[in-house]
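J.: One letter stands for each residue in the lines below.
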Amino acid sequence: MNGEAAILAVSGLTSGYGEAIVVRGVSVAVAPGEIVALLGKNGMGKSTLLKTVMGFLPAREGQVTLHGRDVTRDPPYRVARQAIAYTPQEQAIFQDLSVGDNLRLGQPDARWFDEELARVGEVFPFLKERLGQRAGTLSGGEQKMMLVARALMARPKLMLVDEITEGLQPSIIQRLAKALLAERARTGMAMLLVEQNVRFALEVADRWAVVKLGEIDDEGRSDAPDAAARIAKHLSV
Amino acid sequence: MAEHEQNHPAKRPATAARRRSDLGTVLKAGVAALVVLGVAPFFLDIYTVNVLIRALLLAALALTVDLLWGYTGILTFGQSAFFGIGAYACALVFTHWGFGAGWAILALGLGIVAAMAVAALAGWLAFYHGASPLYGSIVTLALPIVLTQVVFAGGRTTGSSSGLSGFPTYYWSIEIWFWIAGAFLVAVTALAWLFVRSDMGRVLVAIRENETRCAYLGIPVSRIKIMLLVAAGAIGAVAGFGYAAFTNVVAPELTGFLLGTELLIWVALGGRGTLIGPVIGAILIDVTSSYLSGSLPFYWKLLVGVLFVVVIVALPQGLMPEVTKLWRRMVPGARRTAKAPTIEPAPVREVAPRVEQPLAVRGVHRHFGSLQVLQGIDFVANEGELLSLVGPNGAGKTTLIRCLADGYERSGGDIKVFGRDLGRGPPDRCVALGIGRKFQTANVFATLTVAECLRVARYRLEPPSIWSSDNTLALPEAARRIVEETGLAESLDTEARHLAHGQKQALELAMVLALEPRIVLLDEPTAGLTRNERERIGAILTSLTERERLSILLVEHDLDFVREISSRVIVLHQGKIVLDGSVKEVVGSELVREIYAGTALDGGGGGP
Chain A
1 MNGEAAILAV SGLTSGYGEA IVVRGVSVAV APGEIVALLG KNGMGKSTLL
51 KTVMGFLPAR EGQVTLHGRD VTRDPPYRVA RQAIAYTPQE QAIFQDLSVG
101 DNLRLGQPDA RWFDEELARV GEVFPFLKER LGQRAGTLSG GEQKMMLVAR
151 ALMARPKLML VDEITEGLQP SIIQRLAKAL LAERARTGMA MLLVEQNVRF
201 ALEVADRWAV VKLGEIDDEG RSDAPDAAAR IAKHLSV
Chain B
238 MAEHEQNHPA KRPATAARRR SDLGTVLKAG VAALVVLGVA PFFLDIYTVN
288 VLIRALLLAA LALTVDLLWG YTGILTFGQS AFFGIGAYAC ALVFTHWGFG
338 AGWAILALGL GIVAAMAVAA LAGWLAFYHG ASPLYGSIVT LALPIVLTQV
388 VFAGGRTTGS SSGLSGFPTY YWSIEIWFWI AGAFLVAVTA LAWLFVRSDM
438 GRVLVAIREN ETRCAYLGIP VSRIKIMLLV AAGAIGAVAG FGYAAFTNVV
488 APELTGFLLG TELLIWVALG GRGTLIGPVI GAILIDVTSS YLSGSLPFYW
538 KLLVGVLFVV VIVALPQGLM PEVTKLWRRM VPGARRTAKA PTIEPAPVRE
588 VAPRVEQPLA VRGVHRHFGS LQVLQGIDFV ANEGELLSLV GPNGAGKTTL
638 IRCLADGYER SGGDIKVFGR DLGRGPPDRC VALGIGRKFQ TANVFATLTV
688 AECLRVARYR LEPPSIWSSD NTLALPEAAR RIVEETGLAE SLDTEARHLA
738 HGQKQALELA MVLALEPRIV LLDEPTAGLT RNERERIGAI LTSLTERERL
788 SILLVEHDLD FVREISSRVI VLHQGKIVLD GSVKEVVGSE LVREIYAGTA
838 LDGGGGGP
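The listed protein sequences correspond, in order, to chains A and B.
Following my numbering, the numbering of the first sequence begins with 1 at its first residue and continues without gaps.
Following my numbering, the numbering of the second sequence begins with 238 at its first residue and continues without gaps.
Hints were generated in silico from the structure; no laboratory data involved.
Owing to the predicted nature of the structure, the values given are computational and were not obtained by experimental measurement.
Zero decoy hints are in this set.
Using C-beta positions, here's what the derived DEER-type ranges look like:
(1) S27/A x V524/B: 53 to 61 Å
(2) L608/B x K178/A: 24 to 32 Å
(3) G12/A x M567/B: 28 to 36 Å
(4) F535/B x E61/A: 46 to 54 Å
(5) E61/A x M567/B: 24 to 32 Å
Ideal Cβ positions, reconstructed from N, Cα and C, are used throughout, including at glycine.
The task is simple: from the sequences and hints, build the whole structure.
T.: As structure tokens, this is what we get:
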């Protein structure tokens with residue numbers, strides 16, 4: 001992958017919490033319109049990698065570039081302004097605001113709200129019916145869907161998503177996979193996913209990488225016949 | 238019956254070797270402090286000593302604010318009230334009743350008792366079940382204001398706005414007063430130090446970090462907070478008594494909320510949650526202000542204000558943590574390496590044979606305003622059964638779990654736990670009946686280590702010591718297995734906030750199992766875990782139901798996982814139970830396929 005052409009290029013990134021190094025010299029690049037899945041066991045540094053890319057954690061070493069521009073030292077809001085949507089694992093919703101206001105807050109321009117809602121509402125029909133409900137009273141899975149909807153409605157060029165499928169019912173996961181692929185086909189959005197659901201990851205992503213102890217241990221294309229077996233081997237040891 | 242086991246605290250020999258206490262260090266530091274205070278009056282001028290006596294007493298008061306706010310998270314404006322009660326008890330008795338050793342003891346006793354009674358009342362108002370943290374702040378803010386008004390209204394008796402002065406008191410030399418105040422501060426600091434470093438001290442931090450999780454671990458949060466406020470009130474009253482006896486003057490300002498707020502500033506500047514920081518902060522600021530307020534009455538207040546803003550912006554943790562950091566950098570050996578405790582098996586509790594069903598739910602419903610979330614829920618859970626609860630997102634699964642774990646939650650209907658009515662009690666009552674709940678999102682104590690989180694979870698079964706910490710951590714087998722098989726055993730001294738998401742989930746599950754519940758409510762316990770880790774947790778859950786005859790109610794989206802481990806499945810849809818049957822019946826049903834699973838049944842699974 002050519003770093004110049006990539007929408008997101010991470011090279012030699014090292015970061016962590018306090019004295020603990022969690023991500024060690026990771027390099028990964030995502031091309032425009034490409035979907036890459038980061039897999040791996042718990043505590044291996046996948047979420048930490050996303051947080052460092054977004055600027056929530058300082059990078060100790062290495063570089064993060066978006067559209068060829070160095071954003072390694074940028075605060076999260078400036079990274080987000082590069083048309084990057086980040087959906088964290090913790091439920092980052094505004095509990096006391098309505099569903100509609102939560103969705104509106106992710107919109108760069110209010111004029112397109114209805115149009116975007118109609119589009120994303122096809123994937124998550126409940127949102128349209130419950131715009132006035134307080135977001136904190138949604139169930140755990142519904143909150144997750146609202147987060148994904150909020151990100152999609154902003155038409156990001158790149159989405160960073162941490163465990164999107166956690167707590168969702170199986171039929172919604174299937175619908176979500178289709179919707180993400182359709183969204184990519186339509187807008188050319190790129191994605192970097194952190195996933196535990198390997199089946200979902202392989203269905204959606206073009207490429208995968210297994211993170212182990214803060215380093216990329218193995219990577220490959222999702223359509224390779226041995227992809228599932230190789231990943232399973234990494235996750236079972 | 239349920240009481241049989243719950244009133245059966247683990248009997249373990251509490252030998253000195255298994256306990257770790259800072260007693261030695263505290264004694265050494267205490268003696269050193271006493272020596273410094275003992276010689277100090279001979280090197281200082283009389284004005285400084287005078288000012289220091291007041292500062293030492295107020296430092297003890299600041300220390301109680303740190304216990305409440307820094308450690309337990311109760312933002313209090315009202316500690317000045319207890320100081321004022323102690324001071325006025327002294328002044329009133331000496332002025333109106335009499336003076337002498339007997340009267341002094343009576344006045345001190347009255348002050349302490351009155352302060353404790355007021356603290357108990359304020360605590361009850363501020364911390365009853367359902368009170369938000371705001372209540373505490375409002376009540377403690379109102380308390381000094383009310384007391385000041387009482388003093389104003391007291392006419393000749395309290396001296397109204399001019400206070401009381403010139404009452405007889407002990408005209409000891411200033412050195413003696415200094416030593417009394419110093420010894421009092423050293424004693425209070427030493428006791429507080431042992432307390433916050435003990436296992437009980439960790440419980441205070443757990444309350445600050447996550448009160449909800451504490452309540453669902455059966456920790457009587459309200460009672461602990463009230464008792465802490467009562468103790469803090471007593472200490473404040475003693476300090477106030479000393480102040481009045483020494484200065485021979487009491488004024489309404491002593492009970493006022495201005496002093497109460499100043500205490501907060503001193504604590505914040507010194508470093509809250511450090512004990513020593515607030516003590517030093519209080520002494521430094523009070524002494525400096527005595528010197529400067531005379532010569533620079535206006536600028537001094539401005540200076541303190543600016544200093545406060547600068548410290549809060551630049552060092553949100555206060556000064557003490559910076560000093561500690563510097564000290565550790567300069568003295569390499571000074572880093573304290575807290576040794577994680579060794580895990581050992583908890584004594585096996587006898588479970589009395591039961592006749593009743595563990596859980597019988599009849600006609601439970603729950604609505605939020607006009608929104609019906611649950612309607613007519615009837616089901617039973619049997620002993621040794623792993624009952625899975627599946628259903629679309631928003632079907633009411635978590636709401637049902639909540640109704641089972643908190644008696645206040647449901648809008649109507651009956652829940653019987655081993656034949657006993659769940660009633661309308663708070664979560665800790667449900668825990669006492671044998672119910673343990675794992676939340677949907679990992680709910681742990683961020684700044685406590687893994688071992689400390691697990692120890693806090695054992696609160697109900699092994700009441701923690703208030704002056705030492707245990708070198709061993711007794712866990713029942715199931716919790717031990719979770720800790721070992723998910724790699725938490727290697728991270729026992731890691732702070733919980735640094736764990737990965739899935740490890741937090743595993744930690745919370747281990748905490749719930751450490752409670753030794755008979756009914757376990759698990760809301761998506763394996764979300765964020767790999768397939769492999771899920772299987773291991775599944776095996777542990779199965780053995781809990783088979784070997785220990787627990788009843789487990791599991792909310793889960795991964796139908797493969799459900800199929801492997803459940804003995805029965807309940808399907809919830811739009812707030813109603815639409816299916817209750819065997820795994821085969823449910824997983825194969827057309828209805829489930831239609832409303833829930835879609836085409837592929839293993840869609841939620843971790844892998845191929």
